[in-house]
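Engineer: Listed here are the chains, written in short residue letters.
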Amino acid sequence: MDFGFTDDQREIQRTARSLLGERAKPERVREHAEARTTDRELWHELCELGWPGIAISEQYGGGGLGRIELSILCEELGRAVAPVPFLPSTMASTLIEHAGSPEQRERWLPGLASGESLGALGGSSDGTADLVVGAGEADVIVLVDDEGRARLVAAGEAEITPLEAIDPTRSAARVRAQRGDELPGDVPGGVDRALVAISSELVGVCERALEMTVAYVKDRKQFGVPVGAFQAVSHRCAQMLLDTEKARSATAFAAWSAGADPDGLAEAAAMAKAAASDAGREVTASAIQAHGGIGFTWEADVHWLFKRAQLDAAMLGGGARQRARLAAILAEKLTAAAPA
Amino acid sequence: MDLTFSPKETAFRDELRSWLADNPPDPEPVDGGEDARNAWRKDWQRRLYDAGWAAPAWPVEYGGRGATLTESAIYYEEIGRARVPLAANTLGILLGGPTLMVWGTDEQKERYLPPILSAEEIWCQGFSEPDAGSDLASLKTRAVKDGDEWVVTGQKVWTSGAHYSKWCMLVARTDTEAAKHKGLTYFLMDMDQDAVVVRPLRQITGEAEFNELFIEEARIPDANVVGGVGNGWKVALTTLMNERAGLGFALQIRLRQLLDDVIAEAARKGLLEDPLYADALADIHVRCESIRLLAWKGLTDVERYGQPGPEGSLVKWLWSETNQRLTQLAADVIGADAFTFGDSWSYELLRARGNTIEGGTTEVLKNIVAERVLGLPRLKAAA
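In order, the protein sequences belong to chains U and W. In terms of the numbering used here, the first sequence has 371 at position 299, counting the first letter as 1, and numbering is strictly consecutive. In terms of the numbering used here, the second sequence has 203 at position 189, counting the first letter as 1, and numbering is strictly consecutive.
For the record, the hints were derived by calculation from the structure and aren't laboratory data. Cβ coordinates follow ideal geometry from the N, Cα and C atoms, glycine included. Check before you lean on any hint, since a few could be wrong.
To be verified - What follows is a set of in silico ranges between Cβ atoms, one per label pair, in the way DEER data are often shown: (1) W:P214 x U:P334: 48 to 58 Å; (2) W:L83 x U:K405: 28 to 38 Å; (3) W:P289 x U:L235: 52 to 62 Å; (4) U:L121 x W:K194: 48 to 58 Å.
Stated by the list, open to error - Where chain W lies over chain U, by a calculated footprint (3+ residues, C-beta under 8 Å): (5) 234-247; (6) 308-315; (7) 341-354.
Here chain W stands alone, though its shape is the one from the complex (with noise of 0.2 Å):
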């Protein structure tokens, strides 16, 4: 057992952190709303991507740095800790390049991986559906095949940046006879058609963060099928696995500054020396704590002995429902501001509901665990 960093990783961690003091993003614009939002992000990538530090995970063939697991962890870590945003592309970095290094052909990883890298194109995911959310493979978004293009008619959710995407990583049925798995097929889709209309899906917070795609036979060439005819189910799940490992901990590192500043404000008024509010936050820091630690000990284990413990299924789970606790006990923490729309503390405890169902419902990771952990039996689901 070594809980420390090996120098080679410290060097890394080292030379992104004093790079990221060196050239902070500009400070994020105020008024031009999502138009302008989305240009400083991609601005921001641009810069990351000039200096190298846009995708570090990447084969160094591809532009990237051939970065360890470790590394690209300690690269989340350090983006969270200096409170900088998360590149444009992000989905296309983590999601998307990564899943055509797999599965695409040579003329796709040319064609495409540059211009996710330098955020010239911004990638999307069209996975879920309105009927098909935990039960992924029951989606009904068709691809049926004409001449050398196929024609894709369906519906789409919780797609986030859709409005300034240009491909669409969207999964859709090419096989009706065939058992739902095994129907489904990997398609690149461009965006820029009028088959595709985007609507804006306003959730809790007010704001709109993910969209719906209203898809009326668009046009997707052959070409660009990733994977095989039949094989999108396998396809999506590599691009599903790559999602959770890097971003972990960016998020495991936002929840420790949150709780820090809540410490610092239960201080502040006194609160640390209420038994109840120091139990809590205490319990809190645990958590905290036990996510890190969780969260490197699957990480190291698959890099040292080839396969992830138990620790890979319980981090998402245990993170979201502890930023959930957090955030509840920030807002009497903070008070009345907290209970206002237009502070950071009450989007925090509203946005923090979707933490237990996006990318997987803590449900269905309790199922994962008990099934592929503990080996329990699987409830037959309903025909």
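Next comes chain U alone, as it looks inside the complex (with noise of 0.2 Å):
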């Protein structure tokens, strides 16, 4: 058993990590989501980079590598709560890679690989999805409906109502569409891929919440002494580091699971996710507890992170969803082992 990276993944991440800390600091961050903007700049780079195609095959012009490169690769634009549309469109590469027609992918994945084009994943429900990330700007958007079904529909094929949603580093529109392209595949497989990619996002987002929480409360002192000191304080950010790593082991194993054990996949991957979302929400809100009156103001740029982890859990389903799917799973391995 190992759960260290390889030393290319290990490169991998060391250089995601230089890379967003030069080119997505704070404040470029912040700029973007007042405008409510791409950064465009950050993302031809990440293009040039060949980052948007890392998972997909080499086939459609991918880099053909595995879900755990493109885990490491979400966790750090998670950290850096990137304003890229990179977590939407590898979603919509994801499913149609996974439970597309060969004509499908010939005709989407060679774009979105390159980052030419850019992809949506949503779940709908009658025809509508209320908030789909990534959709403002979306050349084609998959949509997943309550049966598990899903159909891709091109961006002028379907009604898109922008929204002001509250995290603004990535645009959201409601999508109704009545007619698509229906993937035939595994669709429940795609989604289950997708789920871990969010997860490893929520992980990242995790992790800066709780370094930049860690910092201030060594720093901000009151009654004489570095509010870190106190236990009501330390204990908390002992239990964002402990909602965190939860998160991380329950992803990292849902990601070897897609590539080593698929079968284990859909319980590894509804754990994730329920891990995840949980955690990004607590552990934000926690940060923003922890840094006191400034964590509530506009430039102290937890928020971001707040904003960022409320998206990603209600994404396909955030901690409730997963267990009951969990709970089902369970039942099923119970049925299974019942002698007949």
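From these two lone chains plus the hints, build me the complex, please.
Structural biologist: As structure tokens, this is what we get:
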């Protein structure tokens, strides 16, 4: 057993962290968030580096790497709250590659891999998806319905109403489409892979929220001591670490399962998304609380993490929905194990 | 990342699993009280010992198998999975033996290690005192040199198995002038003397797993000092570090089994269709799997990279809280029996309250995480 990354994976992580540390500094993120714009310059740079296609197979112009490598990038982009449509576009390409027909893959994957086209993915009911992150600028939108069917809708064929989501670092829209091109393959397997990507981003968000909080409570003095010396504060930080590490281990397990144990992926992905959704919300809320009054101000930047976590947690079902799924999986296992 | 076991590890698991299947312990005696139960557990360890399974993590030269950390964790997983008892002398195997291997003299190793393994001599632990719990270094039990002996007086608490133990791992103060961590010495105290009185400590489950020790001028030969006079804090820490690693895996499997039992019972009563129960059970399932992953990550990181990540300090915390949640939820799933003495679920419900206290309270674990993992400043303790 080895939970560590390979040298190549560590290199990807190192490169991504240093690049985003340079190019997605808090002031730059704030600038784009306030203007509700994508950071085009950064996105072009990421495309040059092949990020959008990292997990898409080489045959469609991607990098042909695995879900673990994708997970690493999602986590780093989450840490930075980078104002780029990486996650929505990746979720769309994941569904198309995993569940699409050869024609659908041929049609959309090369553009999504190079980043020239953008994708988005949302859950829909009666032809309407109430909030699809990335849909404001997407060329193709994958709508997954309650029965686990998915269809592709080109932006021109859908009624797209932009929304001012609380997380302004990515576009969001209501999407309505009556028709679309159904994905014929394993949609649930594709959705599970998308869940792992969202969970990875949430782990990155948690990590950053904890880092910012630890730095703040070491620095901020009240009653003559750093507030981090008070157990009411330090124990909150310890809880943030526990929640983060729980989410990280479940997410790593799910990313690994996607490649090495696909039969176990449904359960692993539900666990990861449940743990990461709850951790994302709890840890970023704690970050605001531990920053005190400052944490409630626009300038403090922790709120971007809270807002990103809110939308990510809701995406394709949060903790409660994932646990309902898990309970069904557990009940199924029990039936399967029972003597006839 | 590779979350599978190597062929060697799998072979180790298979060998143990089939041995346990072929050699089950005798049924636990229902009559005869603690004495019969103790004899039964000693007999079980003797059988593990004869088959070379008493302490696989011990080096081959001391009668173990030289098992790796992973194999040792597999050992405890399988012991848990087979629902067989732990060896009678688990404290000697996990704490006493490994401490002697690090700090003991050749004579001490030769004298004490074999009977630990064969269960001929059972060991107990004399660290905590009524006024020294989380703040262990403030302990007051005194040892005074008298010729080539030490004379010990004081009180210890939370000593499990004291009635059946031959040796007590005792930490006592040998220098009252030195700083509180520096004046301590680690002794092996013979329990077989009138100066040591054992009084069972009745706990909230109604039984007495632990004891108090009243020590009134007990005698310990100088040859029974381990690791040198004044070095007791360091020696004791070796032991405490050994305490959690292996046992954690048995506890983790035990939690899994309890959860599976509760899920099965909930399904039988149709409660899995109740969204509130389904949500609570699934949440515990996620926690349970996280504990497994964090425990394995902590262990394999040590094995591969030489140092543990932050997981080590998180596993016990998460396990203890999860076991409490589970036993609480189980009480509602099971119903009346779970609130009646004599039922295993009522026992679990009550026993679980100790989990967040024993072996380091959750509050102390949070302090450790905050200070050592996150690097937060320490609030100055009152003088």
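Engineer: Each hint needs a verdict: does it hold in this structure or not?
Structural biologist: Cross-check of the supplied hints:
no.: 1; hint: W:P214 x U:P334: 48 to 58 Å; result: holds (54 Å)
no.: 2; hint: W:L83 x U:K405: 28 to 38 Å; result: holds (30 Å)
no.: 3; hint: W:P289 x U:L235: 52 to 62 Å; result: violated (29 Å)
no.: 4; hint: U:L121 x W:K194: 48 to 58 Å; result: holds (56 Å)
no.: 5; hint: 234-247; result: violated (count 0)
no.: 6; hint: 308-315; result: holds (count 5)
no.: 7; hint: 341-354; result: holds (count 3)
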